[in-house]
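In case you want the letters, here they are:
Protein chains: 4
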Amino acid sequence: MKPYFHFLTPSGNSSVVQGPPYHYGADFITVYFRSPPEKLQYFLPDPLKVSDGSAVCYVSDFVCTISDDDSDAPYSDPAQSTYHEAAVGIKCTYKGNPGVYYPFMWVDRDWSLVRGWSLGYAKKLADDIHLTRLHKYIPKVPYYGIGTKLSGYCSRHGSRILSVSLEITRKGSSKDLQSAPSVYARRYFPSNMEGQDSVNELVEIQKGNAQLGEEIWYGTGKIDFFPSRNEEVSMIDPVEPMYGLAYQFGFTNYGSKVLEKYAKS
Amino acid sequence: MKPYFHFLTPSGNSSVVQGPPYHYGADFITVYFRSPPEKLQYFLPDPLKVSDGSAVCYVSDFVCTISDDDSDAPYSDPAQSTYHEAAVGIKCTYKGNPGVYYPFMWVDRDWSLVRGWSLGYAKKLADDIHLTRLHKYIPKVPYYGIGTKLSGYCSRHGSRILSVSLEITRKGSSKDLQSAPSVYARRYFPSNMEGQDSVNELVEIQKGNAQLGEEIWYGTGKIDFFPSRNEEVSMIDPVEPMYGLAYQFGFTNYGSKVLEKYAKS
Amino acid sequence: MKPYFHFLTPSGNSSVVQGPPYHYGADFITVYFRSPPEKLQYFLPDPLKVSDGSAVCYVSDFVCTISDDDSDAPYSDPAQSTYHEAAVGIKCTYKGNPGVYYPFMWVDRDWSLVRGWSLGYAKKLADDIHLTRLHKYIPKVPYYGIGTKLSGYCSRHGSRILSVSLEITRKGSSKDLQSAPSVYARRYFPSNMEGQDSVNELVEIQKGNAQLGEEIWYGTGKIDFFPSRNEEVSMIDPVEPMYGLAYQFGFTNYGSKVLEKYAKS
Amino acid sequence: MKPYFHFLTPSGNSSVVQGPPYHYGADFITVYFRSPPEKLQYFLPDPLKVSDGSAVCYVSDFVCTISDDDSDAPYSDPAQSTYHEAAVGIKCTYKGNPGVYYPFMWVDRDWSLVRGWSLGYAKKLADDIHLTRLHKYIPKVPYYGIGTKLSGYCSRHGSRILSVSLEITRKGSSKDLQSAPSVYARRYFPSNMEGQDSVNELVEIQKGNAQLGEEIWYGTGKIDFFPSRNEEVSMIDPVEPMYGLAYQFGFTNYGSKVLEKYAKS
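Chains as they are written, first to last, in our numbering: chain A, 3 to 267; chain B, 3 to 267; chain C, 3 to 267; chain D, 3 to 267.
Extracted from the complex, chain A is given alone in its bound form (with noise of 0.2 Å):
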């Protein structure tokens, strides 16, 4: 293996995550909200134009690869292999190409937030993200279904920053669902000192091998978020939930395009 990332060894054995493609699958609770389109435009990097004030916030439960050279990591050491992520999302264009931008995504594992980076997506590191489970079998307590609710949250620095709910009123379907037609993001590497190189690109995330699960549940959505001293995502309220899904998702981020290369700081 090449070293991606630190520590950068020669064997590359070391490297807190690999190179892409890194492949996915997930379970999300989602809520699609509105908010004043100018709170959202605040965290949109230019020439990014917010939308319709839509947006998106979920928690989801990951499982995922870390290369391609190295398809036995889940088994050999599942603490490289699965992760937590709570994320805000804002429909909006570039150039008039529709797409979304996630100023606000967090992780509980160092790998997925450098991988992240390395993408161009904007992750810190939660304390805690938390969703409701469902399972078949335990007794007394109801699958998906009508009426069944989830929630999630997310917290930092020993806050809670959000949380979103959901309360199934029907099954979905894939047209439920807000796919967004590219996601952009941020490469962002800072300098400290003259001399220095770095990195700032607008870029679009190359994404394939979408599976959407066959069973997505549609209902009521809720969604608070919380004041935090290294946290602004209550800047964009008032937050209108318009719905919520339950879905599952996978998929492959094969690396990122750049699209602009700002000036550098």
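Hints are computed from structural coordinates only; laboratory data are not their basis.
Hints are all accurate, no fakes.
Remember, identical chains collapse to one label, so a pair may be satisfied in a single copy or spanning two.
Result set (SDA-like, lysine to any residue): computed pairs, CA atoms no more than 20 Å apart in a straight line:
no.	residue 1	residue 2
1	Lys177	Thr222
2	Lys142	Asp70
3	Lys41	Thr11
4	Lys138	Gln250
5	Lys266	Asn202
6	Lys142	Ser69
7	Lys266	Pro5
8	Lys263	Asn202
9	Lys263	Pro5
Here the structure of chain A is known, so what remains is to put chains B, C and D in place on it, guided by the hints.
For chains B, C and D alone, kept in the frame of chain A given last:
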């Protein structure tokens, strides 16, 4: 609600866990093994007798309820509804009646710890219990099937205590499960000064509502126990793995029936 | 060693904690406050009587021993020798004898939890307890002195439960410490089925070896209690902070003397 | 504030960390050791040359600042002001100039991770870094002095990676510290697709404000490196410990001066 444990407030709303019954649904990676019977006997409280030297080790991912009076908890407090558990169980008999006794059980939530203690399970808190998870929709990674490999581990105080792994060789069936007719356990609460009450009881866990998942996978199992400063599980080495299973199981714990009261310490 | 708690092996070496005495040295950020006496009385078990409505909240960083028979533990198993604790204590009397009762105490280690329970402390596990630390040799940041500000928080189940903060206004002295002559507590272990023993005792913690650190800092205190699904501390609002202290304190807990045995549940 | 890293909002208030300078005060348990020079050379990037085969391993407890523009952070967000760090450093030369390079550094906070990366430190996230702490006022337990024993460990992905320990034999002095005139490091940010910028620089950390604590303790050191799936530190075995120190140290990092730019990947 009635308070079941600390914090013992009049409302019961601060109780770390409520009273039984508790309902559970879990995903298990289980490996059956043999150890020298006298090594297993060492960890059995009188008058339990080791059976044939067979035993079990599992890592698992649990969904559960906290109380029949608080059916909303998995939704309104997801942190109260899932946990991970690793354990070692020894096949044994009580007055000739076959069962299993778990001298070592680790979990990752305080409420699971105290709930276990009140039922009689010997639990300590793990730093981390982690299992390979498979996802139906992740591209390029096989789901359950022949050749699939899974593993899990438990760590505490910064050291790995045990690892189990499984390579699936065929579909399994309910006959592959070595279900114990009885689960023996020990309710214990110490005294530290004359005049105090204490608890020291051999009990049988009162179980019901067993529901075995349809998909059972059978394969080659592997177990590693590691020495650690505050642990003794590695004393049951050498371990001879028999086979392993991946399956889902649901059940209810109603409480614990006293079999014997030990002299109090 | 004798086993004191699970895992109850013959050697005692797997016991999550050993029996008392326990020795402690701790750094405290403490804020004294007043709340409506009837709100405090609500959280006191009979026959404790609230005093004048004064109470205390602290966050703290503890160093401790596990057993007089295992003096090597802090060296050979550092995970067994430090923990953080946050607590709320209510000034009260037992048959006219003044003391303090802590209805709410959170810690971040399992062995501290069970040790506390066996002594009678009402403990639950925190996600995170974090305090401002000052360092004598960090450049540009003031060490303890007038104007220095400190804070700490406790979170559980992904939510902040409490924050305390202190702005130092002067050197303090031992007279500023509102030491309670007695610490009242409740040893409790529930039954969940007829025929089981249980424990339900009002006790007085047996303390000794009190050593107050030379440096005591006095200042303006602030307390925030937050509502949370499985917590009730915010029910004692409104809180009127009196003053705060930063200090170091060492002591020994020898066990618990039974004052009353409650009817068993 | 200016955003220094994700989340890159206009206000800079969501940035996981701010730009330098950073001020630090830390407590170290340090053991100096020798390993075969060619094994150490393996982990040095060109053109660094291993010195005499001497190296250092430490575990440490850090207090720090986040930004000179946010001096209130340690008070208002304590989670942003302390972390633990374990590291292995190799004595080496750059064009004949002696220094140290740390191929392996683990921390327990995301902001320490990214701050380190932007400076050039090779950091990954630990599950747990834990040190023996001594407390001046704990009864029956000796404070720093001849015969006192201390240890620390670092774990990741559920496995212990390293342990260091120290038994104090005498008071030490500043002469016992093997301070490196220069700290070499590597600023690195990968590309994953053609057209992307990337960063790959050999740098020298710009340090200042060194303040060595008055109390330095010298003794017998011990180091254990353990194999782990995503780590290679144990490849530098056999390790021959020279001696160990316990001390406090403060310093400032101002940024990183570029020494060489590597070909980009």
